Amino acid sequence: DTEVTQTPKHLVMGMTNKKSLKCEQHMGHRAMYWYKQKAKKPPELMFVYSYEKLSINESVPSRFSPECPNSSLLNLHLHALQPEDSALYLCASSPRLRAYEQYFGPGTRLTVT
Amino acid sequence: AQSVTQPDIHITVSEGASLELRCNYSYGATPYLFWYVQSPGQGLQLLLKYFSGDTLVQGIKGFEAEFKRSQSSFNLRKPSVHWSDAAEYFCAVGAVDKGNKLVFGAGTILRVKS
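So the protein sequences, as listed, match chains A and B. Mapping of the first sequence onto our numbering: position 25 corresponds to residue 25, and the numbering continues sequentially without gaps. Mapping of the second sequence onto our numbering: position 90 corresponds to residue 90, and the numbering continues sequentially without gaps.
Simulated from the structure, these hints should not be mistaken for laboratory data. Honestly, I wouldn't trust all of these hints.
Distance condition first, Cα-Cα at most 25 angstroms in a straight line; then the derived SDA-like pairs of lysine to any residue [stated by the list, open to error]: (1) B/K98 with A/P61; (2) A/K38 with B/A86; (3) B/K49 with B/V13; (4) A/K38 with B/S26; (5) B/K101 with A/F64.
All values reported here derive from a predicted model rather than from experimental measurement.
The shape of chain B in the complex, shown without the other chains (with noise of 0.2 angstroms):
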């Protein structure tokens, strides 16, 4: 069956900081995988998604992530936070062969500090 692993429920960080968000994934075949932001009572927005190809992705907000097969991760990264940053981050695996089933990791939530 497909998991998704955060394994930080919170992180802060200072404005200016750079950030490393964790995602580790459980998935038999090729995973087809995702991080979506989620402000305050808000839907969840896509910011950046990995198919196949280039294991480097760029994303909206100057976000990317790295997928490592061997390590089974797709941890997501920014070089200088903002505090408009501060939001709850998912990473999920889209399950193809269970109609396009997303499964979400429990979640972080990043705190951005002046």
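In isolation and in its complexed conformation, chain A is listed as follows (with noise of 0.2 angstroms):
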């Protein structure tokens, strides 16, 4: 099974709102990631984890705040968020860093008002 589920589908927030995505895989991954994907783009990496350990942050700004809480689930945490950062969030997961494929899961499509 390569099944990678995040929730919710659809989140619209406001600019003061705290809000978190959810990402959840049953593989046995060690290794999990948040992409961004602008309309029409392709995605680019925000954040990698290595056995719950954060090993890659791509100058994300800190208004998003990612967490690994075990090696199944991977949250990224909202606060004070512009309207630019209106996008398609995916979380993928690997067997672990180096060389493997990403499974990827449907996304959240976040809207910020």
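Assembling the complex is the task here: the two chains are given apart, and the hints tell you how they should meet.
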């Protein structure tokens, strides 16, 4: 089963709200990723976790705060977002880092008003 | 730095016709190459991957791709396109030395006409 799930599917939030995106996988993968995808653009990497530790932060603004509570779960906490942060947020996982394919979830469509 | 070029933004083919989507990459070391497909508003589905070995790789849904090191290319092919293949296709290179970061091409939107 190569399934990565993400909740919620859609999220609308104001600029003063605090919300969280959730990602889950039960494939035993030890690397998990957050990507941001703007309309008509390819996904761009935001964060990488390896063995529940933050491995890469691609200079993402602090209003995005990732968390990996265990090997199956990945959260993205959102606070004081801007309208330009509206995008599709994709979670992915891979068995480990280094030369493994990544499996993507369906994404959360975020709209910031 | 790694980069991926997909020269065709849009491609339209007739149902039943053959398909080739082009991808060129730039990467200093041995590339790990992928093709993903994305339907509107959906996540990305892995079609196939190349790590090493046989340069012609088979994927899901009847797709195949050929790795040509001399041309720095990894083109995706399908002998007979179905209407359900209409989607956006992304070629990507995996940067092993950068936390397995995937660097994507800009994507090619495939339209299938009946």
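Tested hints:
no., hint, verdict
1, B/K98 with A/P61, "holds, 20 angstroms"
2, A/K38 with B/A86, "holds, 20 angstroms"
3, B/K49 with B/V13, "holds, 24 angstroms"
4, A/K38 with B/S26, "holds, 24 angstroms"
5, B/K101 with A/F64, "holds, 19 angstroms"
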